[in-house]
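Below, each chain spelled out in residue letters.
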Amino acid sequence: MSTFVATGHDPYPDRSHKDPDESDLAGTVNAGVPLDPLVESGSFIDATFSNGETPNKFLDRNRNPGKYGEAAEPKHVQRSSDYPPAENTNGWFPITEAAVGGGTESPEKLKLPRGRRKGSESTAGSASSERPDWLPSGWIIEDRVRSSGATAGTKDKYYLEPGSGRRFRSSKEVLYFLETGTLRKKRKVVENSDADVASMEDSGSHKHKSSATRSKSTTLNFDFLEVPEKVEWIFTGSSSACWTPFIGDEKVPESIWKEWAAAFTFLTS
Amino acid sequence: MDGQGFADHIQLKPSAILTGTAKHRSVGAPIGLVDIGTSEKAYLFRVALPGVQDECKVKCEILRDGRVKIEGEIAGVGFLRDASIACQMRSQQLCPPEPFTISFSLPGPVDPRLFFPAFRLDGVLEVMVLKPKVRPVDGSFPHP
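Protein chains in written order, with our numbering: chain A, 1 to 269; chain B, 1 to 144.
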């Protein structure tokens with residue numbers, strides 16, 4: 001989730017706030033931004049309070065009152081009725097305005113020239129998305145809105161593996177990964193964020209091996225390759241574990257066939 | 001005339017009344033009848049083992065190639081097991097108390113470790129056994 005950070009001077013004074021996906025974005029983010037703990041909703045900050053000087057981040061708005069007015073959709077402006085637009089030009093604005101327009105930009109984005117950033121920006125974290133049943137706990141759902149290109153405004157949902165940060169595009173990919181521990185196919189790298197770099201390294205043999213052995217030791221010691229030629233299951237009674245496996249003439253240790261049972265449960269659940 | 005009708009006429013009552021599927025049973029003991037089912041991941045088989053109990057030394061041998069052999073011994077008459085009563089059987093339609101084996105092949109290879117049996121109280125042994133898993137590239141097996 002991108003939270004508003006006061007980054008000082010807005011590097012994009014000329015940005016059009018009429019961009020349709022931009023206003024969509026503003027709506028999404030605004031809903032997710034927590035209220036300022038220090039300032040009650042509906043209260044206002046006087047931008048001219050210190051030495052009669054307007055804080056930097058609001059300078060552009062004051063210079064371009066028209067654009068500012070357009071960006072501020074009425075539904076985002078609290079107490080707009082007793083708040084005439086004329087006052088806006090004097091530097092008064094509702095506190096929720098911070099989340100609209102320039103405030104929606106993540107700091108990262110602000111640093112990058114707008115034209116070079118081809119990807120999308122994350123607008124919501126796990127809190128705002130509904131969790132599907134099949135997604136194990138700990139995984140993060142990320143909603144991203146494409147900010148440029150012909151499909152700008154389209155929402156993309158990603159599932160992030162906890163720990164590695166590996167990103168998956170669909171439930172199919174996640175479930176395949178959960179079952180096999182491998183990625184479904186050579187995934188095209190969407191963008192060169194850290195998470196994708198990590199997943200690229202993972203698909204290289206060395207690093208992937210180490211992660212595989214780690215996950216095996218913490219979960220199941222079931223080797224699918226080592227299928228025994230024959231197993232004899234002997235019915236020993238009506239207790240809960242009434243079938244005991246033997247390989248050759250040797251009884252299989254309970255710890256081993258508990259693993260078998262776990263593997264069976266995993267594969268059939 | 002249905003079974004209930006027979007039962008009401010004591011004098012007409014036969015030694016056993018069979019209805020439903022039992023009426024169409026094949027000749028001989030029902031032990032060893034086998035049903036085999038398949039699914040995407042597993043094979044299922046059910047074997048009729050009437051008269052088989054926990055002391056019957058039932059053993060199910062299962063091979064990687066899908067061959068299954070069930071061995072055991074039919075229990076004798078329960079009343080006579082611990083008593084010294086001599087009883088001569090006048091008719092013998094159920095399996096006599098003797099060892100048996102039932103052998104059959106599943107349609108394909110299996111992983112004999114991934115074997116899940118359930119011996120039902122009605123004498124039907126049901127087993128699900130999984131097909132060998134298609135190998136993932138590195139054999140890792142993350143838990144869900």
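Where hints are given, some of them may not hold.
[Unchecked claim] Subject to a maximum C-alpha distance of 25 Å in a straight line, what follows is the list of computed SDA-like cross-link-like pairs (lysine to any residue): (1) Lys131(B) <-> Thr180(A); (2) Lys59(B) <-> Val77(B); (3) Lys131(B) <-> Gly138(A).
None of these hints come from the bench; they were simulated from the model.
Hints and how they fare:
1. Lys131(B) <-> Thr180(A): With a Cα-Cα distance of about 16 Å, the restraint between Lys131(B) and Thr180(A) holds, given a limit of 25 Å.
2. Lys59(B) <-> Val77(B): Satisfied, since the Cα-Cα distance of roughly 21 Å is no more than 25 Å.
3. Lys131(B) <-> Gly138(A): It is violated: about 31 Å lies between the C-alpha atoms, which goes past 25 Å.
Hint violations for this structure: number 3 only, all remaining hints satisfied.
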